[in-house]
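*Asks:* Residues per chain, in single letters:
There are 6 protein chains.
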Amino acid sequence: MRSDGRRADQARPVRITTGYNKHAEGSVLIEVGDTKVICTATVEERVPPFMKGQGRGWVTAEYSMLPRATTVRNQRESAKGKLGGRTMEIQRLIGRSLRSVVNLEALGERSITLDCDVIQADGGTRTTSITGAFVAMAIAIDKISREKNLSRFPINDFLGSLSVGIIQGAACLDLNYEEDSKAKVDMNVVMTGQGKFVEVQGTGEEAPFSRQELDELLALAEAGIQAMIAEQQQALGPIADRIRGNSHAASRS
Amino acid sequence: MRSDGRRADQARPVRITTGYNKHAEGSVLIEVGDTKVICTATVEERVPPFMKGQGRGWVTAEYSMLPRATTVRNQRESAKGKLGGRTMEIQRLIGRSLRSVVNLEALGERSITLDCDVIQADGGTRTTSITGAFVAMAIAIDKISREKNLSRFPINDFLGSLSVGIIQGAACLDLNYEEDSKAKVDMNVVMTGQGKFVEVQGTGEEAPFSRQELDELLALAEAGIQAMIAEQQQALGPIADRIRGNSHAASRS
Amino acid sequence: MRSDGRRADQARPVRITTGYNKHAEGSVLIEVGDTKVICTATVEERVPPFMKGQGRGWVTAEYSMLPRATTVRNQRESAKGKLGGRTMEIQRLIGRSLRSVVNLEALGERSITLDCDVIQADGGTRTTSITGAFVAMAIAIDKISREKNLSRFPINDFLGSLSVGIIQGAACLDLNYEEDSKAKVDMNVVMTGQGKFVEVQGTGEEAPFSRQELDELLALAEAGIQAMIAEQQQALGPIADRIRGNSHAASRS
Amino acid sequence: MRSDGRRADQARPVRITTGYNKHAEGSVLIEVGDTKVICTATVEERVPPFMKGQGRGWVTAEYSMLPRATTVRNQRESAKGKLGGRTMEIQRLIGRSLRSVVNLEALGERSITLDCDVIQADGGTRTTSITGAFVAMAIAIDKISREKNLSRFPINDFLGSLSVGIIQGAACLDLNYEEDSKAKVDMNVVMTGQGKFVEVQGTGEEAPFSRQELDELLALAEAGIQAMIAEQQQALGPIADRIRGNSHAASRS
Amino acid sequence: MRSDGRRADQARPVRITTGYNKHAEGSVLIEVGDTKVICTATVEERVPPFMKGQGRGWVTAEYSMLPRATTVRNQRESAKGKLGGRTMEIQRLIGRSLRSVVNLEALGERSITLDCDVIQADGGTRTTSITGAFVAMAIAIDKISREKNLSRFPINDFLGSLSVGIIQGAACLDLNYEEDSKAKVDMNVVMTGQGKFVEVQGTGEEAPFSRQELDELLALAEAGIQAMIAEQQQALGPIADRIRGNSHAASRS
Amino acid sequence: MRSDGRRADQARPVRITTGYNKHAEGSVLIEVGDTKVICTATVEERVPPFMKGQGRGWVTAEYSMLPRATTVRNQRESAKGKLGGRTMEIQRLIGRSLRSVVNLEALGERSITLDCDVIQADGGTRTTSITGAFVAMAIAIDKISREKNLSRFPINDFLGSLSVGIIQGAACLDLNYEEDSKAKVDMNVVMTGQGKFVEVQGTGEEAPFSRQELDELLALAEAGIQAMIAEQQQALGPIADRIRGNSHAASRS
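Residue numbers (the UniProt record's numbering), protein chains in the order written: chain A, 1 to 253; chain B, 1 to 253; chain C, 1 to 253; chain D, 1 to 253; chain E, 1 to 253; chain F, 1 to 253.
It should be emphasised that the hints constitute simulated quantities derived from the structure, not laboratory data. Wrong hints could be hidden among the right ones.
Claimed, not checked - Just some of the chain B residues that point at chain A, by a computed CB distance under 8 Å: (1) E77; (2) T113; (3) Q120.
All C-beta atoms, glycine included, are put in the ideal place defined by N, C-alpha and C.
Just need the whole structure built from these sequences, with the hints factored in.
*Replies:* Here is the structure:
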C-alpha cells in the first residue's frame, strides 16, 4: 500500500476541463491528483524559418511552472534570464512526443505552440503536460481542420503519458512528488492509442536496474496510459472519432 | 452605454476564491470580468541583504502573464532572457502599493513575495493583481501572526485598486481590454479602506487632460474601489476584522 | 524654510545650454540646481517595424546615469547586462510624455530618439530629462521641418515637468535628492503649455495621502511647470514661435 | 550491410588514449570511428553549496562541440550567450550516468568535473562522451584515492554507452551521423559492467515503435556496451582491477 | 598640411577642467580638439575578492560612449545586454596603463575605479581617456593620501597618451576621426613622465609597416606625450609636485 | 639559461599537423612546446551584412580555450553567458592580423572563419593561434582558389607571430606560461614573410620599458618569426609557392 492509499498499479484521479481559456484555439486544465497544468494551443499561419516552403507544419511546446507551484518557491526563469536545463529537456520532450502523432504534411504550413504552465505540482508534471497538451492540440487542429477544410484530419493517433518507478523494491504507477523523491528508478513513458512507444526515458541514478525490472515498469505504464487515453477520448467527444478514424485506418494497413 | 452594457460608473463582477493553491501560505484566484489572476503569497524567514539586521520585514511582488493570456500569444520573458519594461513597472507598482499598508516593523525580519500570474487577460490586470494580492497577503500574514504570536497585526488598512479612463469624452470605471485600447486617458488608482490614495497614475499619451477631467476620474475610482474592498472583506472573513481593528484605531488617533 | 533656503513653492535655478553636441540634430545640457542632464535628439529616416507604412513618425527615449552621477557609484547597466526596472520605467515615461505633444502624422515616417544621460544627479532627474528632451526634440524637429519642407510644424504645445512632494507635512516644489529621500509623498507631473496634464504619478509608499493633499500638490506643480516652460521658450528663441502658433490655434478651436 | 560496410550488430573501432592533457587529473582522447572527444577530469576540494557539510562528493559534467566538429559550422554557445537545450540535456545525462557508479560517500567532500569536448563529430557524441568520461574519471579518482588514502575505492562498477536505432526496419548498433539522420527510432543506452541499465532513452519521433522492436534494440546495446567496457578495462590497466574488486564484491552480496 | 590645418607633428588643443563632478573623489572634463571625455575617480575601501588580504590596492577603469557621441547614433551596450569587444579592449588598456604608475602597496587595500565617459568623439577617445583619467586619479589619490595619512604618495610618475598614424605616407600626431579612418597604420602609445613606454599598440591592418616607419611614429608620439603631460601638471598644481618628488627619486636611484 | 634550458633567443619546438579535421575546408593542429591549438578554417559563400554587394571577401576569427587547457580549470564562457574581455581582444587580434595579408577583392564575396581552440595552454596561445590559423586559412583559400578558378591567389604574404618579453632584465623569445607570469614586459609581434610588422603590442604593466629595451625585443621577435614562417612553408608544401609568387611580385614592385 502506498502513502496515499493507492495500489501499486493505480493511477491518481484525472480531470480534464476543456475550454479553460477564452483566447486560445484549444485549451484545457488537466488535473492528475494534485498536479494541475493549464495547456493552451496557439495556431499561427507560419512556420519557423528552417521549414519554410516545404508545405509541412510544425508543432512545438513550452513548459513552465508558476513560482509557487511547488512546496518551496522557485525563482522565475524570466528573472534569472535563462531557461534551466530541466525546463529545456521537458519542453523538447513534449514537442517531440506530440509531433510523433501529427501528420505534418496534412497540417499544412502552419505551426501550433502548446504552452504547458504548471499551476500546482505534485509529481508527474511532464507526463501530465503531454497528456493535457494532446487534448488542447486536438481541439485546435479540429478547429483548423474545419475552418481550412483540410482534406485529411492531421492527427494519426491518441497520445498519453505516465511515470512509473521503483519504490522500496516495488514497481509503482504514477508517482506523486513524495514518491518520486524516494524512487530508486524513475521512468517516463509516452505511448500511442495503438500501444506503441513514443518515448521511453528510464533513469537509475540512485541504482542501476535490471532487464526484469525494466519489463515490469513497461507493463505497468502500458496499462495506465491506455486508461489516460480513455479520459482524453471522453473529453474530446466527437473530435475523438476523427482521430479514431485515422488510427484504425493505419492499424489495418 | 458601454459595449458590454455597463453604466459608466459600473465595475465588472468580481469573484475571489481563496485557498487556490495547496502549497502557498496565502493564495487566491481573483476574477474581474474575464481577467483572471492567480495570486500566491510566499513567506520566507529572511529579508533581502540590504535590509538585514534592521528588525523590519519586506514585501515584494512579481507579475507575469501566461503566453496565451492575451488574444495574440506573447513570447515568454524567460525565453527572451529578460523582463520587459511593462512587467518591471507593474511589479514595482504592486510591491510598493502593498507595502504602504503593511507595518514592516510589526511583521518582523521576514519577507513576503506576492506572485501575480495572469492566466487570462481582459484589461485591468495590474489593478486586479493588486486587489487579489492584498487578500493573499492578508491570509499569509494572518498565518504568521498566529504561528509567531505577533504582538500587533501587521496590516494597517485594506487596499484596493481599479482603473478609470476617458472613452469618447466620458469618464468610465474599470475598463476592459477593448475599452482600454480606445481610451484617450488612462488612470490606475490604488486606495486604502480609509479612502486615502496610495498611487495615482494618470497618462494622457493620446490627449492631455484637464484638471476637471482628473477630478471626475478620481471620484469614479474612489467609489469603485470601496466596492472592491467590500469584496475583499467578505473573502477574508474574520481576518478582515483584525485589519479593521488597526484601521479604526489609526483613524481615531 | 527648506534645507537649501528655498521657499516651499520655489524651484531651483534652471539653465538650458543648446547646441551642446556637434553631431546630434538637437542637443542641450540642462541644469536644474545640481542635477545635470545631456539630452540629444537623433533623427532617423525610418520607423520601428511595427509602424512601417502608416505614414506616421515615432518618438522614443532612453535614459541613463553615468556611474558616478550619484553620491555612491552605481554599477553600469551595460556591465550588469540588463536595464533595471527604474531605468525602463523612466524611459517609457519620457517617450510617452514627448509623444503627447507631437503630431506624428505631420512628422512623417521618421523617428526621433531622445537620449537623456544624467551626468550629475541631485533629485528630479526624470522631470529634468523631460524638460530638457523637449527642447532638444524641438530643435531637431525644426531642422527636419525646414530641410524636408514639412507643411505643418509637428509640435502641438510645450511640455515641462517638475516633481512635488510632502516633506514634514508641507507640500514642496522641485525636491532635491536629500528632500526626495525624506518625502512621505512623491509626485511627478508633466504638463503642457496650455496647462493640461500629460502625466500625474503620485506615490504614497511611506504614507497614503488625502484628496486635499493631492490638490495642493497639483497646484504647486502647475505654477512651477509654467515657469519651466518659460525657460524653454527663451532657450528655443524663434522655434518657440512655431510651437506657439500651433498651440494657440488649438486652444482657439 | 550498412553504408560503411558494418554488420547490424557491429560497432565502429574504438581507440582510447589516456594522459592526453598534461594539466588535468585524468584525461583521454576517445575515438569511436570518426567521432573524437577529449574528456578531462578536474578534481576540486569542495562541493556545490547545496551539498556542503554532508560528507559526500559530487560528480558533474559539461559537454561542448568545437564549432567545426560538424559538417556545417555551428555558432559557439559562448557567442550566443546561452547553452542550447541539446547541450544541457546531454550534460545532465553524462553527469547523472557517471554518478550512478560512484560511491559519493567514499569519494568524500570533493567534486569532479568531466569536460567532454567534441573535436570531430560523426554520430554518437553523447555515448562516446560517457564512455570516455568514465575512463578520465577513473584515472582522476585513482589519483585522489592514492593521494588521500581513501579507505574504499569510490567507483562501484564500469560504465559504457552506445546508441542503437532502427534503420530501414533493421535494428543497428552504434549509428554514425548519416545513419542517425535516417533512423526512425533512436535509442541511447548506458549500462554497467554488471549488465544493469543506468539510462534507457528511446525516441520514436519519426515513428512509434513496438515492444518487440524495443527488445531487439536493448539486446543489441547490451552486447555492444560490454565490448566498449572491455576497451575501458584495457585502457585503465591496474586501475580496472580496483573497480573490478568493488563490482565483484557488490554482485556477490 | 592636414585637413584641419595642423602640421604633421602638431597635436590638437587640450583643455582639462578639474572638479567637474561634485560627488566623485576626483573628476575632470578633458577636451582634445572636439573629443570630450568626463573622467571620474571613485575610491572604495575594499578590493576585489582575488586581492583580499594582500595589503595592496587596485585600480580599474570602465569606458563608454554616450549613444550620440558619434556622427551616427550607436545602440547602448546596456540595451544590447553586453559589452562589445572594443569597449572591453579599451577599458582593459586604460586600467593596465594607470596601474603601471601606481604603487599599489603604498595605496593600501582600497580600490579606485576610473569611469571614462565619452560625451563627444572625434578620434583618440582611448588616449584622451588615459590622459584625463590619470588626472582624476591623481586628485582622488591626493585626497586619500591626506585623509588617511599615507606614508608615501602612491603615484610614481605622470602618464600621458596620444595616437600616431601614417596618412598618405606621412607620420602624423594625434589623428582626428576623419584622419583615423583613412590611416594605413594606427598606433596608440602610452608613456610616463620619465619617457618610458607603458603601452605600444601598433596595427597595420590596411598595410604592414616597416621598422623605419615604426621608429618615426614612436619619435612623434614621444614628443607629443610630453606636451600632454605638461598640461596635466598645470591642471594638477601642487599635486603635480608630489608626483614629481617620487618620479625624481626613482630616476636618481 | 632559462628554466627549460633554452637560450634567450631560442623558440620552443614547433609542430604543424595539417588535415586534422575531416569536415573543415582547412585545418591544423599546431604545437609550440606544450601549447596546442586546433585551427579550422570554414568557408561560407556569403559575407556579413555590412559588406554585402562590395565584391570583397571577409576573414574573421574566434578563439577559445577548453576549460582544462590550463593548470586550473576555467569556467566556460558559454556557461557564463558572455565572452570575456581577453577572449574578445584575442579574436579581434587574430582576425585583423590575418586580413592584413589577404587580398579581399581577389577572395571575392565569401567569408572565412578561423576557429582557434586551445586544447592545452603553456604560454603564447594567441601567437600560436595566429601562426596556425594562417596555415589553415591558406589551405582553405587554396581549395577555393582551385574550385572557383580565382584569377589571382588571394594571399599576399606569409604571416607568423611570437611573443617576446623581459625576464630578470633579459630579453627572451617565445615565453612559456611560467616565464610569462614573471615577465616585467610582455610583447606580441605579428610579422609578414617580407619582414614587415602587422601588429606590435607591448605592455609594461609591471614596469615601463625604455626605447632600447623595445629595440632589443623587436630584433628578437623578427628572427624568431622568420623561423616560424619557415615551418609554415614546409607544412604548406606547394601552396607555399603560390604565396611566394605574390609576395615576390609585391616586393619587386
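*Asks:* A separate judgement is required for each hint: does it hold in the structure or not?
*Replies:* Taking the hints in turn, this is what the structure says about them:
{"no.": "1", "hint": "E77", "in the structure": "holds, 4 Å"}
{"no.": "2", "hint": "T113", "in the structure": "holds, 7 Å"}
{"no.": "3", "hint": "Q120", "in the structure": "holds, 6 Å"}
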